[in-house]
Amino acid sequence: MKRAKIISPKSTGYFIGTSTKNTSLSQPETLEEIMINLSTYLGVKEIHKQTSARDATFYEPQEPLVFSYQSASNTLLELSRKILELKD
Numbered sequence: 001m002k003r004a005k006i007i008s009p010k011s012t013g014y015f016i017g018t019s020t021k022n023t024s025l026s027q028p029e030t031l032e033e034i035m036i037n038l039s040t041y042l043g044v045k046e047i048h049k050q051t052s053a054r055d056a057t058f059y060e061p062q063e064p065l066v067f068s069y070q071s072a073s074n075t076l077l078e079l080s081r082k083i084l085e086l087k088d
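For what it's worth, the working numbering labels the leading residue of the sequence shown as 1, then goes sequentially.
One thing to keep in mind: the hints can contain errors.
Straight-line C-alpha distance at most 25 angstroms; calculated SDA-like pairs for lysine to any residue [to be verified]: (1) Lys82 / Met1; (2) Lys49 / Ser80; (3) Lys49 / Ser11; (4) Lys45 / Glu63.
It should be emphasised that the hints constitute simulated quantities derived from the structure, not laboratory data.
Work out the full structure, taking the sequences as your base and the hints as a guide.
Below is the structure:
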């Protein structure tokens, strides 16, 4: 499957329309919802969540995947790569 790419289209002026949808969610809530959605698609039933002594949060999806604890962004990246592997 050919991967999507991000481009900067030609400018149509100084203003662009944007959405305020989901702006009431905090970044951690947003990342966790994405993590849950991707994990559900991959058949993961549980994601372990731990907070470090320095108050950082780490996640570890459980079976059928085998991940170590990592940040939300790295967990999301790994989950998204697993989905791409399924499509190939």
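Consistency of the hints with the structure:
no.	hint	in the structure
1	Lys82 / Met1	14 angstroms, holds
2	Lys49 / Ser80	19 angstroms, holds
3	Lys49 / Ser11	42 angstroms, violated
4	Lys45 / Glu63	8 angstroms, holds
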